[in-house]
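Asks: Each chain, letter by letter, is given below.
2 protein chains.
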Amino acid sequence: MVNLYVALVHYPVVNKQGDIIAAAVTNLDLHDIARSACTYGARAFYVVTPLTDQMRMIEKIVSHWTTGGGGRYNPARREALSLIRIESSLSDVLEDIRAKEGINAEIVVTSAKKRAGSLGYQRFKEMIHDGRPYLMVLGTAWGLSETVMETADHVLAPVSGPADYNHLSVRSAAAIILDRLVGC
Amino acid sequence: MVNLYVALVHYPVVNKQGDIIAAAVTNLDLHDIARSACTYGARAFYVVTPLTDQMRMIEKIVSHWTTGGGGRYNPARREALSLIRIESSLSDVLEDIRAKEGINAEIVVTSAKKRAGSLGYQRFKEMIHDGRPYLMVLGTAWGLSETVMETADHVLAPVSGPADYNHLSVRSAAAIILDRLVGC
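Quick mapping for you: the protein sequence lines, in order, are chains A and B. Per our numbering, the first sequence starts with residue 3, numbered consecutively. Per our numbering, the second sequence starts with residue 3, numbered consecutively.
These are calculated hints, taken from the structure and not from any lab test. Take these hints with a grain of salt, some might be off.
Put simply, identical chains are the same to the list, so a pair is met inside one copy or across any two.
As the list claims (entries may be wrong) - Derived DSS-like pairs (lysine-lysine); straight-line CA-CA distance at most 27 Å: (1) Lys127 / Lys116; (2) Lys115 / Lys62; (3) Lys62 / Lys18; (4) Lys102 / Lys62; (5) Lys116 / Lys102; (6) Lys18 / Lys102.
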């Protein structure tokens, strides 16, 4: 199994105009990315928001599917949503991984835009077998803010097809990236 | 570009108990699969339900994002949702493709379960360049009914990772399959 963690960031991200915002949490982001993370053996799925009402909402959703009625109805969903950890910032995520692993995670951020020197999938696929922990960071809304991009060790190449259309949902992008890295 | 069509079927599918049902339409299925279809150059994305109130709801969503305010706000979403065609049955989908192409589409159904003789991704990837039209059929709820499986020319191998967990969302499965077939 690979030593890979996934984080979905709701702040700081940008809106359509490029302003830094805190995005609202989308229920199906939690379900879909948890299910993909579980399929491909990620160690944990961090959902990052500093907003306390949003943190409470995530806790309510997760507990319904892990310790509540949802989990009894659908044990497969319980297994997936058990991977979710709620954190108020990316630095808290990194602290949590460091506490588990004893070393810092390498931060790999994702973006729909092409950037010079970005990390290719084949190279990242090789790296995640080197024993170090890796944190793959996904942004909501119109993507991660530049401040997050700058803290990264690597920027992953965008997912693209032949059609020159780069507007996948974050749920789809997460699924595709995990499949490219770990899929059979 | 490949000659590939995608269909998302809401009837006949099965529920958790294996009964045949008509599943409710999920808004984000329309958005996510349309965006993936657009990314990978699919010719059309058929949403299949025989329920007239559900058909009207899909029309309302699609028109908001194609001819209404949503499309003006987000032209990329307009481009994706323009791929959506609403049909009441899979035979109507096949009829529509035959009218466009002059020949029948090869039907490739998807399933989360392993089956003997299933079509592998490498083989399907080669096939979609042979000029014939292909229809990839996805099921909602607990998957396509046996009656649909039996009409297929091919059953695609399930998407799986190393973790022996096969409970991806249909949105994630669609994204991964399209990436495996057409992704760079």
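Asks: Decide, hint by hint, whether the structure agrees.
Replies: Results for each hint:
In the homo-oligomer, the alpha carbons of Lys127 and Lys116 lie at most 27 Å apart both inside one protomer (19 Å) and across protomers (26 Å), since each shortest distance falls under that limit. With identical chains, the CA atoms of Lys115 and Lys62 are never at most 27 Å apart, being 34 Å at best within one copy and 31 Å at best between copies. Proximity of Lys62 to Lys18 under the C-alpha cut-off of 27 Å is restricted to the inter-copy arrangement: shortest distance 24 Å between copies versus 29 Å within a copy. Taking CA atoms no more than 27 Å apart as the test, Lys102 paired with Lys62 passes inside one copy only; the shortest distance there is 25 Å, against 49 Å between copies.
For the homomeric pair Lys116 and Lys102, neither the shortest alpha-carbon distance inside one copy (33 Å) nor that between copies (36 Å) is at most 27 Å. For the identical chains of this complex, Lys18 and Lys102 are neighbours neither inside a copy (36 Å) nor across copies (37 Å), given an alpha-carbon limit of 27 Å.
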